[in-house]
Each structure stands twice: as structure tokens, then as C-alpha cells.
Amino acid sequence: GAVVSQHPSWVICKSGTSVKIECRSLDFQATTMFWYRQFPKQSLMLMATSNEGSKATYEQGVEKDKFLINHASLTLSTLTVTSAHPEDSSFYICSAPPRLAGDTETQYFGPGTRLLVL
Amino acid sequence: QKEVEQDPGPLSVPEGAIVSLNCTYSNSAFQYFMWYRQYSRKGPELLMYTYSSGNKEDGRFTAQVDKSSKYISLFIRDSQPSDSATYLCALGLGGSEKLVFGKGTKLTVNP
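As given, the protein sequences belong to chains F and Y, one line each in that order. Residue numbers 5 to 122, in our numbering, belong to the letters of the first sequence in order. Residue numbers 758 to 868, in our numbering, belong to the letters of the second sequence in order.
Calculated directly from the structure, the hints in this document are not laboratory data. We treat Cβ as the ideally placed atom computed from N, Cα and C, and that holds for glycine.
Ranges between beta-carbon positions, derived for each pair:
id: 1; chain 1: Y; residue 1: Ser-797; chain 2: F; residue 2: Leu-30; range: 22 to 28 Å
id: 2; chain 1: Y; residue 1: Gly-816; chain 2: F; residue 2: Leu-78; range: 30 to 36 Å
id: 3; chain 1: F; residue 1: Leu-78; chain 2: Y; residue 2: Ala-786; range: 24 to 30 Å
id: 4; chain 1: F; residue 1: Ser-9; chain 2: Y; residue 2: Ser-797; range: 16 to 22 Å
id: 5; chain 1: F; residue 1: Pro-44; chain 2: Y; residue 2: Tyr-828; range: 25 to 31 Å
id: 6; chain 1: Y; residue 1: Ser-839; chain 2: F; residue 2: Ser-9; range: 21 to 27 Å
id: 7; chain 1: F; residue 1: Gly-65; chain 2: Y; residue 2: Asn-812; range: 36 to 42 Å
id: 8; chain 1: Y; residue 1: Tyr-796; chain 2: F; residue 2: His-11; range: 17 to 23 Å
id: 9; chain 1: F; residue 1: Thr-35; chain 2: Y; residue 2: Lys-813; range: 23 to 29 Å
id: 10; chain 1: Y; residue 1: Gln-837; chain 2: F; residue 2: Asp-69; range: 45 to 51 Å
id: 11; chain 1: F; residue 1: Asp-31; chain 2: Y; residue 2: Pro-765; range: 29 to 35 Å
id: 12; chain 1: F; residue 1: Glu-67; chain 2: Y; residue 2: Leu-768; range: 33 to 39 Å
id: 13; chain 1: Y; residue 1: Asp-823; chain 2: F; residue 2: His-11; range: 38 to 44 Å
Which chain Y residues stay away from chain F? Per the calculated CB distances, all over 10 Å, these:
id: 14; residue: Gly-773
id: 15; residue: Asn-779
id: 16; residue: Ala-786
id: 17; residue: Asn-812
id: 18; residue: Glu-814
id: 19; residue: Asp-840
id: 20; residue: Asn-867
id: 21; residue: Pro-868
This is chain F alone, in the form it adopts within the complex (with noise of 0.2 Å):
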């Protein structure tokens, strides 16, 4: 299947600094990434589509100014958790669909994005 990876793995930081998680497709090109955030014990909630060459789409309810994308190539989105608090620690999570013949309605996930704030 297609690869997505992400960097870090896992990030500690102050209460008050800004964090960015980068969410790679690795074989294939992607137009539109997703990021989601799971709390422990819950699903993914859908933060916001992430649209190469424009702005992104967020979910009702997540802060644009807070969470800041940017999709700048076909094969790279960054997710920036600014100000972040330790509310917002959380597992954050990209996927991609693939643009193959006969593939293009299923995601693949990315390992996950492990973030605490203290």
C-alpha cells in the first residue's frame, strides 16, 4: 500500500512554544492530506483537510490561527500547533488518499505524531 510518514515521532514542550509536524506521502503525489487528533480511548476527530496550493479547511471547532497548515507540495503538509498548552497534547495523525487507478477513495495513515505539552 502507499507509504505517509511523519516527523517527530514524538515531541515534549513548554507550555507556550509552537510545534510543527510534517506528514510526508512517500510514494505517491497528494493534493489533499488530512489531519486528524485522537484523545486517549477515543476515534479520530477530523481537524482539518489540507489543500496543496491553498488554504486548508478546518472542522467546526478547531482554531485556524491555532493549528496552522500549510500543504506546499504535492508530497509534503505541515501541521503548526502554535501557543500550544497542555490541553493540546494529543495524537495527532495525517492521511492521504493516493491518486492510483482503482485506489483513489481509501486513506493511508501516517504513523502518528505523539505530542505532550507540559
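Here the structure of chain F is known, so what remains is to put chain Y in place on it, guided by the hints.
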């Protein structure tokens, strides 16, 4: 009513058992149905996806969709301890639209 309902379990079965995992949904516009497996502290891994009502089999896994009842299932035959994970159903409208996930069912297969 939530768009997708999934019993979070936990579900514990002995090795070799047949496991049945289910989701119900309310929006009849969903066209794509997926099952993901997520091990602890890992990203979800795509297991199965289907586009239409009926069954799709892949090894020990069978995905079943009943659009008339808005009900999807994942069956695991001859379950193994390595199947222990959280299983998430995901539904999509198509066209690279966002997916709606169930809460996930935590499965433990005991040796």
C-alpha cells in the same frame, strides 16, 4: 444520533474464535466503507474497503455491507493474538472527501 455508531467494547475472545465487529450509520449517502486496525500508539492501518453492498473477503477477514439496513460488519476467522488491536470503521462520501470514523472496538484475542 451520531453519524456512525460503533460499540467500543472491549471485546475479549479466545484464540481461534470468529470475531464479529459492527457499525451502524445514519447517512444513506455514504458510499465507501472501510475498516482500519490500530495498534496501541500507532497510526491506523487499512484492512478492508468496499464500495457496495455485499461481502468482500481477504484471507481471514470478511467485510460485509448492508446499505438497506445501514449496517457494516467485519468478520475475523480463526482469530490470532496478533489480531488484538482497536478496529475502526470509517465511512466516506467519495471523491477524496473526509472520512467519518466510528469510536473503534478494542479487541483482545487470548492465547
